[in-house]
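Sequence lines, in order, name chains A and B.
Just so you know, our numbering puts 55 at position 55 of the first sequence, and the rest follows in order with no gaps.
Just so you know, our numbering puts 38 at position 38 of the second sequence, and the rest follows in order with no gaps.
Calculated directly from the structure, the hints in this document are not laboratory data.
Mixed in with the good hints there might be a few duds.
When the alpha-carbon atoms are kept at most 30 Å apart in a straight line, the in silico BS3-like pairs for lysine-lysine are as follows [unchecked claim]:
1) B:Lys271 / A:Lys299
2) A:Lys299 / B:Lys296
3) A:Lys299 / B:Lys25
4) B:Lys296 / B:Lys95
5) A:Lys299 / B:Lys66
6) B:Lys95 / A:Lys299
7) B:Lys45 / A:Lys299
Label-pair distances were calculated between CB atoms; the ranges are [what the hints assert, rightly or not]:
8) A:Ser533 / B:Leu77: 49 to 59 Å
9) A:Ser437 / B:Ser236: 44 to 54 Å
10) A:Leu448 / B:Lys104: 46 to 56 Å
11) A:Thr408 / B:Asp84: 27 to 37 Å
12) B:Thr237 / A:Ser437: 41 to 51 Å
13) B:Trp294 / A:Tyr100: 57 to 67 Å
14) B:Lys104 / A:Tyr433: 53 to 63 Å
15) B:Met1 / A:His508: 44 to 54 Å
Here chain B is said to cover these stretches of chain A; the calculated rule only asks that three of the stretch's residues, wherever they fall, bring their Cβ under 8 Å from a Cβ of chain B [claimed, not checked]:
16) 232 to 242
17) 523 to 531
From the three backbone atoms N, C-alpha and C, an ideal C-beta is built for every residue, glycine too.
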Amino acid sequence: MSKSLIDFHKAERYILHSGYVLIGLFLIRNMAFHFTTEEFWGPLKGRIWIDLLAVSIFMFWGITKKEEPSNYKSWKYLHPLFLELILLFSVINIAIELNYSYLPLVWISIAIVSFILAGWKHEGIGRLHVYSFGLFILSIFHQVILYNSTMNYVGRALTFLDQPFQLACIFIVLAFSYLVFFYKRAVLLAINWPHVLQFMKPLSDVLYKRAAFIGVYLFCAFLLSISYFMFAPVSSIIPGVIWLLLSIVAVTLSFQNQSTNFMGVDRYLLHIGYIFIGSFLIRHLLVHIQVEAYVGPFKIRFLIELLALAVFVYWATLKPKTIRYKSWDLLHPLFIELIFVFSVFIIALEVNAIWQPLIWMIVAFALAFVGNNKQWNLSRLVFYSLIMYWIAAFQTTFVTSTYIVPSTEMLNQPWVYGTASVLFQFIFLAYFYMKCSLENIEVPRSLLFLNRYISLINNKRNVYIFYPLIICTAVFLYWSYDSSILTLLWVLECAIVFIISILLKEQHFRYIALGSLAICIIRLVFYDMVQASTLNRALVFLGVGLIMLGMNSLYNKFKTRF
Amino acid sequence: MTRGHIVFLLLILFGGTFIVFTLYKQKSRAPLGMSFSPVFQLIGKSTRSTDIALTRMLPIDQMDEKEYGEAIAKEYLLQADKKDKNYIYLNALIKEVSKFSKKKFKYQVFIVSSPVANAYALPGGVICVTEGLLSTMTSEAQIVSILSHEMGHIERGHCFDAIKFELAFKKIKSGTTGQLADIAINCFLHHSFNKTQENDADEYGYDLLVLTQYDPMACCEAFKNLQKQEFKSRQSTIVSDYLDTHPPLPLRIEKSGQNALQWWEEHQDEKRYVGHKNLIDRVSMTEQAYEFEWIKEGSIL
Numbered sequence: 001m002s003k004s005l006i007d008f009h010k011a012e013r014y015i016l017h018s019g020y021v022l023i024g025l026f027l028i029r030n031m032a033f034h035f036t037t038e039e040f041w042g043p044l045k046g047r048i049w050i051d052l053l054a055v056s057i058f059m060f061w062g063i064t065k066k067e068e069p070s071n072y073k074s075w076k077y078l079h080p081l082f083l084e085l086i087l088l089f090s091v092i093n094i095a096i097e098l099n100y101s102y103l104p105l106v107w108i109s110i111a112i113v114s115f116i117l118a119g120w121k122h123e124g125i126g127r128l129h130v131y132s133f134g135l136f137i138l139s140i141f142h143q144v145i146l147y148n149s150t151m152n153y154v155g156r157a158l159t160f161l162d163q164p165f166q167l168a169c170i171f172i173v174l175a176f177s178y179l180v181f182f183y184k185r186a187v188l189l190a191i192n193w194p195h196v197l198q199f200m201k202p203l204s205d206v207l208y209k210r211a212a213f214i215g216v217y218l219f220c221a222f223l224l225s226i227s228y229f230m231f232a233p234v235s236s237i238i239p240g241v242i243w244l245l246l247s248i249v250a251v252t253l254s255f256q257n258q259s260t261n262f263m264g265v266d267r268y269l270l271h272i273g274y275i276f277i278g279s280f281l282i283r284h285l286l287v288h289i290q291v292e293a294y295v296g297p298f299k300i301r302f303l304i305e306l307l308a309l310a311v312f313v314y315w316a317t318l319k320p321k322t323i324r325y326k327s328w329d330l331l332h333p334l335f336i337e338l339i340f341v342f343s344v345f346i347i348a349l350e351v352n353a354i355w356q357p358l359i360w361m362i363v364a365f366a367l368a369f370v371g372n373n374k375q376w377n378l379s380r381l382v383f384y385s386l387i388m389y390w391i392a393a394f395q396t397t398f399v400t401s402t403y404i405v406p407s408t409e410m411l412n413q414p415w416v417y418g419t420a421s422v423l424f425q426f427i428f429l430a431y432f433y434m435k436c437s438l439e440n441i442e443v444p445r446s447l448l449f450l451n452r453y454i455s456l457i458n459n460k461r462n463v464y465i466f467y468p469l470i471i472c473t474a475v476f477l478y479w480s481y482d483s484s485i486l487t488l489l490w491v492l493e494c495a496i497v498f499i500i501s502i503l504l505k506e507q508h509f510r511y512i513a514l515g516s517l518a519i520c521i522i523r524l525v526f527y528d529m530v531q532a533s534t535l536n537r538a539l540v541f542l543g544v545g546l547i548m549l550g551m552n553s554l555y556n557k558f559k560t561r562f
Numbered sequence: 001m002t003r004g005h006i007v008f009l010l011l012i013l014f015g016g017t018f019i020v021f022t023l024y025k026q027k028s029r030a031p032l033g034m035s036f037s038p039v040f041q042l043i044g045k046s047t048r049s050t051d052i053a054l055t056r057m058l059p060i061d062q063m064d065e066k067e068y069g070e071a072i073a074k075e076y077l078l079q080a081d082k083k084d085k086n087y088i089y090l091n092a093l094i095k096e097v098s099k100f101s102k103k104k105f106k107y108q109v110f111i112v113s114s115p116v117a118n119a120y121a122l123p124g125g126v127i128c129v130t131e132g133l134l135s136t137m138t139s140e141a142q143i144v145s146i147l148s149h150e151m152g153h154i155e156r157g158h159c160f161d162a163i164k165f166e167l168a169f170k171k172i173k174s175g176t177t178g179q180l181a182d183i184a185i186n187c188f189l190h191h192s193f194n195k196t197q198e199n200d201a202d203e204y205g206y207d208l209l210v211l212t213q214y215d216p217m218a219c220c221e222a223f224k225n226l227q228k229q230e231f232k233s234r235q236s237t238i239v240s241d242y243l244d245t246h247p248p249l250p251l252r253i254e255k256s257g258q259n260a261l262q263w264w265e266e267h268q269d270e271k272r273y274v275g276h277k278n279l280i281d282r283v284s285m286t287e288q289a290y291e292f293e294w295i296k297e298g299s300i301l
């Protein structure tokens with residue numbers, strides 16, 4: 001056989017080159033002219049048929065492999081880029097051809113399809129994992145911007161699936177599903193990047209390290225903003241409630257993924273849980289508390305607050321198997337404090353001022369009881385119960401005792417609740433003295449500074465628990481009773497303090513009791529003698545005398561104790 | 001996670017869904033969008049309590065306030081036209097309303113010649129109402145709600161607290177020093193709780209209105225009428241919310257309106273008086289109650 005005039009190997013190379021040239025020419029022409037033609041061929045525009053054909057041809061190119069390794073540079077450098085060409089060509093054409101309302105949905109759908117394709121064992125398409133993540137980010141931004149610009153159309157006469165609300169809901173489901181699959185299945189380490197795209201390798205490495213961080217935080221920001229745009233036009237209260245519910249979804253997912261630890265995603269889920277809680281609290285303070293509407297007998301705001309308390313309790317009851325993150329150690333234990341502070345906030349906001357001292361005392365009892373229960377290991381609540389007791393004593397004395405209401409009904413009178421509160425304070429005092437201890441109180445790491453104050457109070461425990469009530473009762477008596485009988489009541493209080501000094505064997509109580517008694521006697525002689533009527537004077541003198549006799553006999557009986 | 005956690009989670013999600021659904025149905029909205037005003041109002045309670053404690057510590061009492069009020073009333077009485085029908089009408093109203101007072105003051109209302117709709121209370125039971133307010137309000141119930149609010153300031157000691165040092169220092173013949181102390185305290189502290197005081201007076205005023213025979217919704221309607229007088233829409237910033245002397249009107253409208261709606265919901269068989277004609281004629285309800293002015297559950301009988 002004679003030698004052929006044509007070098008087939010060279011011809012093959014040039015045929016390949018001419019193929020690339022033709023594709024290039026097609027792309028230029030496609031960009032320059034095809035978009036301007038609007039002619040329909042059957043159900044679709046002519047240019048769409050051409051685009052579909054082009055994608056099919058690119059795919060044919062892409063899957064075509066040479067049996068022998070080729071030395072052609074074009075084969076080595078250009079041919080692997082058909083994957084990128086298909087993706088880019090599809091994205092551009094879809095962006096042009098499709099209604100903009102559906103684009104975020106399409107991007108996330110392409111991301112999902114790309115992700116599934118990347119899982120195939122086909123050589124060299126593992127990088128689709130990276131591209132799919134890029135598309136996910138694109139879709140997130142596009143959805144937020146789109147919803148923000150189209151939310152005014154909500155409620156317009158569009159079909160069900162054309163409503164931005166419905167489309168956004170579908171998008172959220174798809175985006176969430178994508179993230180779940182991504183964290184479970186994505187392979188970002190062993191990606192075989194073509195020569196031309198070697199510069200992308202650091203990107204996939206960064207993505208391997210930061211995908212959980214970027215994806216979860218981005219999705220959190222997306223959920224925060226999209227829920228706001230979706231619900232704020234209907235009711236400005238709904239976004240806050242949604243954030244609250246999302247916080248428990250986040251912490252639950254974080255717990256579910258604790259053992260699996262996909263890219264450390266549980267840590268970031270926990271963080272976004274905190275972000276949702278923080279966002280709710282800010283919104284509650286700035287927006288929710290303005291709303292006074294009722295649902296049945298309750299304010300809707302109050303129901304939201306109860307829901308928030310339930311969510312905080314849910315968070316607080318979750319205990320990690322092992323403390324791996326700082327947030328578990330520093331932030332999470334503070335949910336107890338959050339529950340406490342939020343409860344105080346609710347009471348201050350929702351409860352009538354005249355009932356508040358009584359409610360503070362009920363809270364003080366509840367805290368002391370829970371704090372005393374060793375099983376729950378919340379001994380610091382004992383300290384908080386003391387704070388509530390002080391607040392109740394202060395409010396009863398300075399606010400409730402002189403608070404005026406227009407009503408004349410007995411059950412609406414502040415003194416009823418003030419007296420009940422004082423009674424509760426005495427019972428609490430006894431309970432606290434006998435059952436509660438400020439020794440060995442455990443506080444979380446982030447609240448270690450409290451130890452200083454706790455030990456300060458513990459050093460003079462009786463001073464801090466007895467004196468507030470003694471002083472407040474004296475002042476309460478001053479404002480509540482006529483001056484003629486006031487001295488008698490104060491002397492009686494002095495006698496009680498004297499008895500306390502005997503029981504506790506603490507001298508300072510005796511000094512206070514006797515010092516106050518001396519002041520009372522001076523007042524009795526120089527003030528009451530002038531002011532009160534003869535009968536009152538006689539009764540008060542008799543009463544004071546009897547009390548002093550009683551004190552004297554007590555002193556003689558127990559003087560060994562001093 | 002335990003089974004208990006799962007049940008708890010489901011209950012929370014169920015409760016949350018119920019609230020979202022209710023909000024969606026009610027279309028509840030915050031009157032001001034975002035505002036720091038309610039937060040300052042709430043925080044102001046603690047500063048206010050401290051201020052109350054300070055007042056209680058001083059050696060002054062209701063008798064001092066009464067004397068102070070009588071001195072002010074004497075000044076106003078010199079200028080007042082006692083035959084003026086507005087003066088007679090408002091004092092007839094306050095006479096009825098002040099029956100619910102717990103302080104032994106003689107409540108008196110004086111007319112201030114000003115087109116601006118305003119009312120203010122002075123220590124010792126003196127209330128001043130502008131002519132502008134009388135022309136802004138549309139019913140007797142609304143006027144009573146305003147008077148009740150001002151009474152709230154006096155009864156709850158807001159006016160008294162503002163002059164506590166003046167009264168205390170007067171006893172040692174140094175009233176000017178006391179005035180200066182009051183001015184200083186009011187400058188530095190008052191902003192932190194004046195909204196709290198206004199809210200306090202609103203609550204007192206509403207409770208008092210409910211005890212009378214007037215429509216509880218009048219309180220909300222009075223605020224709506226006042227809102228119409230506001231020329232510019234309010235921009236909420238942290239500084240303006242702090243410096244505002246009164247809670248924003250939309251918030252007061254929301255609160256009093258919702259409370260009144262709830263009251264009507266719970267008292268469907270009761271009837272209440274509005275008194276549009278009474279205000280026009282300047283004849284109080286006690287003198288002449290018109291049958292058509294009674295309403296039942298928000299509608300005229």
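Trp294 (chain B) and Tyr100 (chain A), beta-carbon distance inside 57 to 67 Å? 59 Å, holds
Go check the stretch 523 to 531 of chain A versus chain B for me, would you? Three or more residues, Cβ under 8 Å, otherwise it fails. violated (count 0)
State whether the coverage of the stretch 232 to 242 of chain A by chain B holds or is violated, taking the criterion as 3 or more residues with Cβ-Cβ distances under 8 Å. Contact hint for the stretch 232 to 242 of chain A vs chain B: holds, 7 residues under 8 Å.
For the pair supplied as a hint, Lys296 (chain B) and Lys95 (chain B), confirm whether the alpha-carbon distance does not exceed 30 Å. 26 Å, holds
Is 41 to 51 Å respected by the C-beta to C-beta distance linking Thr237 (chain B) and Ser437 (chain A)? 48 Å, holds
Do the beta carbons of Ser533 (chain A) and Leu77 (chain B) sit within 49 to 59 Å of each other? 36 Å, violated
Can the restraint linking Lys271 (chain B) and Lys299 (chain A) be considered satisfied, given a maximum Cα separation of 30 Å? 24 Å, holds
Within 46 to 56 Å: is that where the Cβ-Cβ distance between Leu448 (chain A) and Lys104 (chain B) falls? 54 Å, holds
Does the alpha-carbon distance linking Lys95 (chain B) and Lys299 (chain A) stay inside the 30 Å limit? Roughly 35 Å between the alpha carbons, so the hint for Lys95 (chain B) and Lys299 (chain A) is violated.
For the pair we were handed, Lys45 (chain B) and Lys299 (chain A), check the Cα-Cα distance against 30 Å. 21 Å, holds
Are Lys104 (chain B) and Tyr433 (chain A) spaced within 53 to 63 Å by their CB atoms? 42 Å, violated
Given the hint that Lys299 (chain A) pairs with Lys66 (chain B), test it: the Cα-Cα distance must not exceed 30 Å. Between Lys299 (chain A) and Lys66 (chain B) the Cα gap is close to 39 Å, so the pair fails against 30 Å, i.e. violated.
Of the numbered hints stated above, those contradicted by the structure are hints 5, 6, 8, 14, 17, listed in ascending order.
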